[in-house]
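Engineer: Chain residues, written in single-letter form:
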Amino acid sequence: MAIKAKHQRLVLLVIALVVLVGAALLAAWALRNQASYFYVPSEIVADPPEPDRAVRLGGMVEKGSIKTEPDGVTIAFVVQDGKARVPVVFKGIVPSLFVEGSGVVAEGKMGADGTFVADNLLAKHDENYVPREMQSMTAEQAKNVVAETK
Amino acid sequence: MHGFANPARFLRIARWLMPLCMVAGVALAMGALGWGLFEAPAERLQGETVRIVYLHVPSAWLGMAGWMGIAAASFSELVWRHPLAGIAARACAVPGALFTAVCLVTGSLWGRPAWGTWWVWDGRLTSMLVLLFLYFGWMALSQASEASDGGHNKTPAIFGLVGAVNIPIIHYSVTWWNSLHQPPSITMGKSAMSADFLVPLLLAMLGFTLIFAGVVLARMRAILADQQAEARLRRKALSEAEF
Chain A
9 MAIKAKHQRL VLLVIALVVL VGAALLAAWA LRNQASYFYV PSEIVADPPE
59 PDRAVRLGGM VEKGSIKTEP DGVTIAFVVQ DGKARVPVVF KGIVPSLFVE
109 GSGVVAEGKM GADGTFVADN LLAKHDENYV PREMQSMTAE QAKNVVAETK
Chain B
705 MHGFANPARF LRIARWLMPL CMVAGVALAM GALGWGLFEA PAERLQGETV
755 RIVYLHVPSA WLGMAGWMGI AAASFSELVW RHPLAGIAAR ACAVPGALFT
805 AVCLVTGSLW GRPAWGTWWV WDGRLTSMLV LLFLYFGWMA LSQASEASDG
855 GHNKTPAIFG LVGAVNIPII HYSVTWWNSL HQPPSITMGK SAMSADFLVP
905 LLLAMLGFTL IFAGVVLARM RAILADQQAE ARLRRKALSE AEF
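Chains as they are written, first to last, in the numbering used here: chain A, 9 to 158; chain B, 705 to 947.
Among the hints, erroneous ones may be present.
Said to hold, decoys possible - Dumping the calculated BS3-like pairs for lysine-lysine here, alpha-carbon to alpha-carbon at most 30 Å:
| id | chain 1 | residue 1 | chain 2 | residue 2 |
| --- | --- | --- | --- | --- |
| 1 | A | K91 | A | K71 |
| 2 | A | K117 | A | K91 |
| 3 | B | K858 | A | K12 |
| 4 | A | K71 | B | K894 |
| 5 | A | K91 | A | K75 |
| 6 | A | K71 | A | K117 |
| 7 | B | K894 | A | K91 |
| 8 | A | K14 | B | K858 |
| 9 | A | K75 | A | K99 |
Stated by the list, open to error - Facing chain B, according to a computed beta carbon distance under 7 Å, are these residues of chain A, among others:
| id | residue |
| --- | --- |
| 10 | R17 |
| 11 | L18 |
| 12 | L21 |
| 13 | A32 |
| 14 | A43 |
| 15 | Y45 |
| 16 | F46 |
| 17 | G66 |
| 18 | P103 |
| 19 | L130 |
| 20 | D134 |
| 21 | E135 |
| 22 | Y137 |
| 23 | V138 |
| 24 | P139 |
| 25 | R140 |
By construction, these hints were calculated from the structure, which means they are not laboratory data.
Predicted, not measured: the structure shown is a model, and the values here were computed from it.
Cβ atoms here follow ideal geometry from the backbone N, Cα and C, with glycine treated the same way.
Looking at chain A on its own, in the form it has when it is part of the complex:
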């Protein structure tokens, strides 16, 4: 009798857990577009936000695209995700990890001419950790060194 009650509790609890996890996964799936912290360039290009709405744009800073304007404090660069490119202008101090070929999240508004006007920049670094000694290597070489340690 005691064994039976124990098994009954086990079955009930496992069913309850399966239902609970299923509900959580459904909720997370429903949130997949809403809970993102930023839009990627292809989303911005396909469905541009209203000009006055504050949005975040995240992606990679295109290599060779950072240019300083003549006033010395405004910079212009391109954010891309491999499918689309969005030009960005920003006036202010950039985080130290803001470099070409690395991730960035720009907070601001879409300008009328298709340029994103950022009022804040956040640097987004990737999951790769490489010692400074390997700095002189190209990104490809460093990646191989990391791959060897797997």
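Fit chain B to the given chain A structure using the hints.
Structural biologist: Frame of chain A, contents of chain B only:
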């Protein structure tokens, strides 16, 4: 598993296992932190700030592991009615909450130089903050049930299991949703982290895990001793009342 449910046998094992975990854990964690802070190289892009990883990642792991401990204990409490399960869950809560708080604080300190912000409401950071609030809620609930009916209430166990839903959300928050926090560097069987960082980090994780286990064992012993003392006082009060 069932063998450990006997409090007397558990106490016999915990008596020597607890100091062993503590000593080994402190030695390993201190060694790994020394290695990470003074010997390991600086990172290519982040420079010296990368060293906070040796505290941040073990804290994040143990913050989540603490709740997994609560959930596992809650499960065995509800199904098998282990006499030690509720005690184990209570013992996990405080160190789990502490490591979650350390993870949030070190993450914030790291975010300022690395990302350019102390805090953002992205999926990873928000779900980790929710975990801290779950710990606070669980501790309040468990204390209330302890005060009202001596801990024979099943509500904390149910809360412990329901709250475990947040653990996969924390883990996958950086995969499911765009976030400022980067995806995991260490996944099953491979690492995007060079061995210069990975080895001291894994040692620090092992060391802090042993400390965590030692603290849980010590707290379980303390709770058991508390219950024994209370039962003795109650018996004494009863026998005195008879005379």
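Engineer: If a hint holds in the structure, say so; if it does not, say that too.
Structural biologist: Hint check results:
1. Restraint check: the Cα-Cα separation between A:K91 and A:K71 comes to about 15 Å, which is no more than 30 Å; the hinted pair holds.
2. A distance of roughly 21 Å separates the Cα atoms of A:K117 and A:K91; the hinted pair therefore holds under the 30 Å criterion.
3. For the proposed pair B:K858 and A:K12, the alpha carbon gap of about 20 Å is at most 30 Å, so the pair holds.
4. Distance check on the hinted pair: A:K71 and B:K894 sit about 28 Å apart at the alpha-carbon level, within 30 Å; holds.
5. Distance check on the hinted pair: A:K91 and A:K75 sit about 22 Å apart at the alpha-carbon level, within 30 Å; holds.
6. The hinted pair formed by A:K71 and A:K117 meets the criterion: a straight-line CA distance of about 23 Å does not exceed 30 Å.
7. In summary, the hint linking B:K894 to A:K91 is supported, as the alpha carbons are separated by about 28 Å, within the 30 Å threshold.
8. Of the pairs offered as hints, the one joining A:K14 and B:K858 holds, with about 15 Å between alpha carbons and a cut-off of 30 Å not exceeded.
9. The hinted pair formed by A:K75 and A:K99 meets the criterion: a straight-line CA distance of about 12 Å does not exceed 30 Å.
10. Hint on A:R17 holds. Least Cβ distance to chain B is approximately 5 Å, under the 7 Å limit.
11. The restraint placing A:L18 at the interface with chain B holds, with a minimum CB-CB distance near 5 Å, inside the 7 Å limit.
12. The beta carbon of A:L21 is positioned within 7 Å of a beta carbon in chain B (closest approach about 6 Å), and the interface hint is therefore held.
13. At about 4 Å, the closest approach between the beta carbon of A:A32 and any beta carbon in chain B falls short of 7 Å, and the interface hint on this residue holds.
14. For A:A43, the interface hint holds, the least distance from its beta-carbon to any beta-carbon of chain B being 5 Å, beneath 7 Å.
15. The beta carbon of A:Y45 comes within 4 Å of a beta carbon in chain B, closer than 7 Å, and the hint placing it at the interface holds.
16. Evaluation of the A:F46 hint against chain B yields a held restraint, the C-beta minimum of about 5 Å falling below 7 Å.
17. The criterion of a C-beta within 7 Å of any C-beta in chain B is met by A:G66, whose closest approach is roughly 6 Å, and the hint holds.
18. Evaluation of the A:P103 hint against chain B yields a held restraint, the C-beta minimum of about 3 Å falling below 7 Å.
19. The restraint placing A:L130 at the interface with chain B holds, with a minimum CB-CB distance near 5 Å, inside the 7 Å limit.
20. The interface hint given for A:D134 is met, as the beta carbon of that residue sits about 6 Å from the closest beta carbon of chain B, less than 7 Å.
21. At a threshold of 7 Å, the smallest CB-CB gap from A:E135 to chain B is about 4 Å, leaving the interface hint in force.
22. The criterion of a C-beta within 7 Å of any C-beta in chain B is met by A:Y137, whose closest approach is roughly 4 Å, and the hint holds.
23. Interface restraint check: A:V138 against chain B, minimum CB-CB distance 4 Å, threshold 7 Å, status holds.
24. A hinted interface residue such as A:P139 counts as satisfied when its beta carbon comes closer than 7 Å to some beta carbon of chain B; here the least separation is about 4 Å, so the hint holds.
25. Given the 7 Å rule on beta carbons, the hint for A:R140 holds: about 4 Å separates it from the nearest Cβ of chain B.
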